[in-house]
Amino acid sequence: MLQCKDVCVVDRREFVLGAAAAALLAPLLAEPAVAQGKGPENEWQQLLKRIMGDATPTAGRIALELPEIAENGNTVPFNVSVESRMTESEHVKAIHLISTANPQPAVATFRFTPASGKASVASRMRLAQTQDVVALAELSDGKFLMARQAVRVTIGGCGG
Amino acid sequence: MTTKPRVRIPSPIKAGDVIEVKTLISHVMETGQRKTGDGKVIPRNIIHSFIARFNGAEVFKAELAPGISANPYLAFHMRVPGSGDLEMTWLDDGGNKVVETVKIAVT
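Residue numbers (numbering that gives the first Met the number 0), protein chains in the order written: chain S, 0 to 159; chain G, 0 to 106.
Bound-form chain S, shown alone (with noise of 0.2 Å):
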């Protein structure tokens, strides 16, 4: 019998890593648990950090839409935009989604071309409990845009 433990956090925090999943979430191994009081706080911070190198990122024209109380943390909807005329010389190159107390904290990169008209995605994702979703938007000139939004989960991803 299988347990829903796919978004909970575990008393045995292994995690497989994939060859995609090495490249974004790099040395992001055997972090300590949440109960020693670090746990996944650093870990999206670091994460971050690692994408942004040492730019600032500055608010708005990013757009994060998620629902404010999510009631299934296994599949939470979310839109992420951000206002960009697109061209060769000024456009959004990705859009990173982090998550401030999953298991992991990369949920997705987002890349786009001019070709792209607008840098715009819908998707879902999964949300282990309240938190705080980031929003880091890359732009062809260098710069960082950061949005924040916060999540209530009502369920789990475990259903309880």
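Every clue listed holds true.
Okay, derived cross-link-like pairs now, DSS-like style, lysine-lysine, Cα gap no bigger than 30 Å in a straight line:
| id | chain 1 | residue 1 | chain 2 | residue 2 |
| --- | --- | --- | --- | --- |
| 1 | S | K117 | G | K102 |
| 2 | G | K21 | G | K96 |
| 3 | G | K60 | S | K142 |
Hints in this document: simulated from the structure, not taken from any laboratory.
On the provided structure of chain S, position chain G as indicated by the hints.
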């Protein structure tokens, strides 16, 4: 990923329009966090990449992590300069690849 992905594009489309493409594919997106009753970890198996190309040029790419829900729904945008083929590719950890091509005709 044995069932055919579903793709929705609007119509009619005029040359120069920016359209929204909606996609849906069946996939368990196993996170690698779950365990069986006897404590064995179920290995991660997710779609890690989605790439959309129009007449060969990349219009959108998504690198997915286990935080994306099962049966991934992905809606993105693309500029339509003229008629052509929109080719979409999904790749998962098991090396499985699904390619779906949709013809776009401008009026």
